[in-house]
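Number of protein chains: 2
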Amino acid sequence: MTSIPKPSEATGAVETAVTYLREHDSEHLAQLDDFLRLESVSADAACADEVRRTAQWIVDEMGRIGIERATLHETSHHPIVTGEWMHAGPEAPTVLVYCHYDVQPADPLEEWVRPPFEPRHEDGRVYARGSGDDKGQLFMHLKAVEAWMKTHGSLPVNLRFFFEGDEEVGSEPIERFIDEHADLLRADVCVVSDGDTFDDDGTPAIGYGLRGIAYWELRVHGPRQDVHSGQYGGGVHNPANALVEMLSQLVDDDGRFTVPGFYDDVRELTEEERAAYAALPFDEDAWADETGVPQPMRGEQGHTLLERLSARPTFDINGIWGGYTGAGAKTIIPAWAAAKISTRLVPDQDFRKIEKLVKDHLESLAPPTVRAEVNVIHGGAPAVTPLDHPGVAPASRALEAGFGKAPLFQRSGGSVPVVAALDAHLGIKTLMLGFANPTGNFHAPNEWMSLRNIRDGMVSIVHLWHELGAMRATDLRSGEDD
Amino acid sequence: MTSIPKPSEATGAVETAVTYLREHDSEHLAQLDDFLRLESVSADAACADEVRRTAQWIVDEMGRIGIERATLHETSHHPIVTGEWMHAGPEAPTVLVYCHYDVQPADPLEEWVRPPFEPRHEDGRVYARGSGDDKGQLFMHLKAVEAWMKTHGSLPVNLRFFFEGDEEVGSEPIERFIDEHADLLRADVCVVSDGDTFDDDGTPAIGYGLRGIAYWELRVHGPRQDVHSGQYGGGVHNPANALVEMLSQLVDDDGRFTVPGFYDDVRELTEEERAAYAALPFDEDAWADETGVPQPMRGEQGHTLLERLSARPTFDINGIWGGYTGAGAKTIIPAWAAAKISTRLVPDQDFRKIEKLVKDHLESLAPPTVRAEVNVIHGGAPAVTPLDHPGVAPASRALEAGFGKAPLFQRSGGSVPVVAALDAHLGIKTLMLGFANPTGNFHAPNEWMSLRNIRDGMVSIVHLWHELGAMRATDLRSGEDD
Numbered sequence: 006m007t008s009i010p011k012p013s014e015a016t017g018a019v020e021t022a023v024t025y026l027r028e029h030d031s032e033h034l035a036q037l038d039d040f041l042r043l044e045s046v047s048a049d050a051a052c053a054d055e056v057r058r059t060a061q062w063i064v065d066e067m068g069r070i071g072i073e074r075a076t077l078h079e080t081s082h083h084p085i086v087t088g089e090w091m092h093a094g095p096e097a098p099t100v101l102v103y104c105h106y107d108v109q110p111a112d113p114l115e116e117w118v119r120p121p122f123e124p125r126h127e128d129g130r131v132y133a134r135g136s137g138d139d140k141g142q143l144f145m146h147l148k149a150v151e152a153w154m155k156t157h158g159s160l161p162v163n164l165r166f167f168f169e170g171d172e173e174v175g176s177e178p179i180e181r182f183i184d185e186h187a188d189l190l191r192a193d194v195c196v197v198s199d200g201d202t203f204d205d206d207g208t209p210a211i212g213y214g215l216r217g218i219a220y221w222e223l224r225v226h227g228p229r230q231d232v233h234s235g236q237y238g239g240g241v242h243n244p245a246n247a248l249v250e251m252l253s254q255l256v257d258d259d260g261r262f263t264v265p266g267f268y269d270d271v272r273e274l275t276e277e278e279r280a281a282y283a284a285l286p287f288d289e290d291a292w293a294d295e296t297g298v299p300q301p302m303r304g305e306q307g308h309t310l311l312e313r314l315s316a317r318p319t320f321d322i323n324g325i326w327g328g329y330t331g332a333g334a335k336t337i338i339p340a341w342a343a344a345k346i347s348t349r350l351v352p353d354q355d356f357r358k359i360e361k362l363v364k365d366h367l368e369s370l371a372p373p374t375v376r377a378e379v380n381v382i383h384g385g386a387p388a389v390t391p392l393d394h395p396g397v398a399p400a401s402r403a404l405e406a407g408f409g410k411a412p413l414f415q416r417s418g419g420s421v422p423v424v425a426a427l428d429a430h431l432g433i434k435t436l437m438l439g440f441a442n443p444t445g446n447f448h449a450p451n452e453w454m455s456l457r458n459i460r461d462g463m464v465s466i467v468h469l470w471h472e473l474g475a476m477r478a479t480d481l482r483s484g485e486d487d
Numbered sequence: 006m007t008s009i010p011k012p013s014e015a016t017g018a019v020e021t022a023v024t025y026l027r028e029h030d031s032e033h034l035a036q037l038d039d040f041l042r043l044e045s046v047s048a049d050a051a052c053a054d055e056v057r058r059t060a061q062w063i064v065d066e067m068g069r070i071g072i073e074r075a076t077l078h079e080t081s082h083h084p085i086v087t088g089e090w091m092h093a094g095p096e097a098p099t100v101l102v103y104c105h106y107d108v109q110p111a112d113p114l115e116e117w118v119r120p121p122f123e124p125r126h127e128d129g130r131v132y133a134r135g136s137g138d139d140k141g142q143l144f145m146h147l148k149a150v151e152a153w154m155k156t157h158g159s160l161p162v163n164l165r166f167f168f169e170g171d172e173e174v175g176s177e178p179i180e181r182f183i184d185e186h187a188d189l190l191r192a193d194v195c196v197v198s199d200g201d202t203f204d205d206d207g208t209p210a211i212g213y214g215l216r217g218i219a220y221w222e223l224r225v226h227g228p229r230q231d232v233h234s235g236q237y238g239g240g241v242h243n244p245a246n247a248l249v250e251m252l253s254q255l256v257d258d259d260g261r262f263t264v265p266g267f268y269d270d271v272r273e274l275t276e277e278e279r280a281a282y283a284a285l286p287f288d289e290d291a292w293a294d295e296t297g298v299p300q301p302m303r304g305e306q307g308h309t310l311l312e313r314l315s316a317r318p319t320f321d322i323n324g325i326w327g328g329y330t331g332a333g334a335k336t337i338i339p340a341w342a343a344a345k346i347s348t349r350l351v352p353d354q355d356f357r358k359i360e361k362l363v364k365d366h367l368e369s370l371a372p373p374t375v376r377a378e379v380n381v382i383h384g385g386a387p388a389v390t391p392l393d394h395p396g397v398a399p400a401s402r403a404l405e406a407g408f409g410k411a412p413l414f415q416r417s418g419g420s421v422p423v424v425a426a427l428d429a430h431l432g433i434k435t436l437m438l439g440f441a442n443p444t445g446n447f448h449a450p451n452e453w454m455s456l457r458n459i460r461d462g463m464v465s466i467v468h469l470w471h472e473l474g475a476m477r478a479t480d481l482r483s484g485e486d487d
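Note that the protein sequences, when read in sequence, are chains A and B.
The first sequence begins at 6 in our numbering and counts up one residue at a time.
The second sequence begins at 6 in our numbering and counts up one residue at a time.
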């Protein structure tokens, strides 16, 4: 049992820990490469062993740096890893850190400059699948703890860790895990690092909203097998045609879902929030240039691009396939065609309700000339943490200490199911401190994270434990009724 | 130089030739298997050598059975094979026989019960890619000639052969070939065997119309690479969404193309033709059952199913692809999405005009938020041979002699570009005598042809040369002004 460093004596303590990070920089980056080499693709059954090895790697590493009770838990899917260091005393806050160690599939492989699991350092960046989303950030948390532990043998706060291996495939096991293992997770606040900074110029961000998600696969079946389009064309309803007809009816000319009830629970932005969005520095043309699109989409009428990117629901076809896709021509009517589709949800949409509404609506759109099959693939709830939460100010100071700039506040377009689940099951609010680069090719080929964000982020985390350690647990919990 | 068998003496001659076919049946079927084993997939560049070996196989076989000047001609694509036997005398008709020796790609391979190029004999059928379309029919023509030559050393007509290796990929080389080699092709009438009988119960058919085709690939480009649907959803116009939006606008709620000018040159069916269609025995429910669809498509309003299957233009998505198509979920906006689309054309639509109209229309439908690319893949003209052509009656008698039933007359939904090209360049009308089975999985897995159709078809061809040999060349040509 070690004593909590008092605020007065702590500034020097923080500096010592930061110096440790600086002195071990190249060793840490080499270790990050080892971690990124593990192919923890949760969507690919062939990678299941490698996903498990990744979980074990984290357990081993936690043990090495002094985190206690490091444990690999079996679940219905991939393992969950927990661990803790609870010796900061009963008055000190307990913080739960959440990251995920699974990554997106790497295809299309041919678009990667180097293979996705062979980390490449170039232009001040680490390129690899998972460098930003989210193994790089998980690793930063481990190293920030190591810095405190190696230099002081203790941490300013009680820390718990919750590392998941199914985030990229819908986080199916987490609700049950939270229910069954509340004793391992209970905390005054949660810190989730699975997002990005405000820009690539070192402006950090605190996320105060996340979109949820609902995801389906629609498969349309036509003739028993592919048939000749000359012999059957005009008589057999081509399932690829039918698929296109059905999908095209989901969104109207104003960019709004036609699904009945879809907008019923959407929490509209307040005037203050809209004003805050409007005040954010944002260059639409530069943004479009960066993505490579000729111009931003028209999208839902009545909302600005920034609002649509994080505070409004979306509709995306994530994949579509059927029929002949080789070279030249093949004159068939395919036996079937399919699409993966998803929507990003906003508060207070209920993903389970939306899953059903869209499924029912798609089934109602299916013409009697084909057979349509709609399967729910996964869902996650949207979440919002209030800007006046007592953890926001210390987190802001920590980020400013690390990055040299005050953070901006943003609602994020992505989805992290655990945030809503922790709130619902354990009443834990979440501070979203993301360190990845906003243009770092999340879910895309040549994913990267800048060395600057890695380094400044680790320093911020070191400061964060210091800042939160200066608070009393009861003060931090006071946000929970918001 | 042999004398033409006179009609009076010929009945016995036909019987001798038919007996020859019966006696060599198993030997011929084994030889057909050899021919079907050759992987003459014209669409696949990796098969180019095998396509050439197939052409050479035909040249060798022609030489063996006494067809003269058997030649493999180089073209811009795959070889064309010609040959002739021109010793029936100047009064006797000259007939050009056209078939194609290339086949459709075999994928999806996993749906074949046996590999597509390992012929399987089962339930009175030969299963193999090309068994019906069109190597089986080409082979039948060779064997019918062999039967005449082996039993009489001569044929009742002057015969020319025109065997193509690019039919399944748009017949690009044939127009130039017809222009440059008119001397090898000139004839009083052409017989094309590349279609099917009226049903699978041994009712033969004479085709008097073929649909044309136009075929495009549409590719829609969005962001530079796949991007995260949470970060970019609502701001980046998803190219798969845009593709679906564009394709869904091509056909209206009445099943008609929205492309301006598309119907300008469509020759409407006459009252007589519509009455003839209505009189054909056709069970819509049985037809739907056979294809496996729940019910026939609604299609273009104001036209019956049979009319839509052969006398009206169609719109089919032959293939569509883009984004993530693996297991589970990947939450991306894909960098691009593409579709192969085609329309079957009817007289008097000009495929080159339609190619441009649709390309222009698609480009006009592309929103400014994506980049759309439309490429013409191939086209072919529709064709009609009048029912009062002087070759129709003798062909009917020949089919009745082979199948034991009078033929029905049908317009066919498919496309054979050579038919329109021979008419346009050399004024040669075509009799379409198809021997494949209508449900024989053309262009699909487990393609098959019945032994009955193979045998009755070969007998019909033996009779056909007898029937046409009883006519004078000038009488057969009289149809050319229709």
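Some hints here could point you the wrong way.
[Said to hold, decoys possible] Simulated DEER-style distance windows between Cβ atoms:
id: 1; chain 1: B; residue 1: Arg181; chain 2: A; residue 2: Ala291; range: 47 to 57 Å
id: 2; chain 1: A; residue 1: Glu295; chain 2: B; residue 2: Asp257; range: 35 to 45 Å
id: 3; chain 1: B; residue 1: Ser369; chain 2: A; residue 2: Phe414; range: 39 to 49 Å
id: 4; chain 1: A; residue 1: Lys358; chain 2: B; residue 2: Pro372; range: 26 to 36 Å
id: 5; chain 1: A; residue 1: Pro113; chain 2: B; residue 2: His78; range: 34 to 44 Å
id: 6; chain 1: A; residue 1: Pro286; chain 2: B; residue 2: Arg229; range: 22 to 32 Å
id: 7; chain 1: B; residue 1: Ser31; chain 2: A; residue 2: Glu378; range: 42 to 52 Å
id: 8; chain 1: A; residue 1: Asp205; chain 2: B; residue 2: Glu378; range: 22 to 32 Å
id: 9; chain 1: A; residue 1: Leu285; chain 2: B; residue 2: Ser369; range: 32 to 42 Å
id: 10; chain 1: B; residue 1: His78; chain 2: A; residue 2: Ser369; range: 27 to 37 Å
id: 11; chain 1: B; residue 1: Pro372; chain 2: A; residue 2: Pro286; range: 21 to 31 Å
I should point out that these hints are in silico values taken from the structure, not numbers from a laboratory.
For each residue, glycine too, the CB sits at the ideal point set by N, CA and C.
Violations among the numbered hints, reported as their numbers in ascending order: 10
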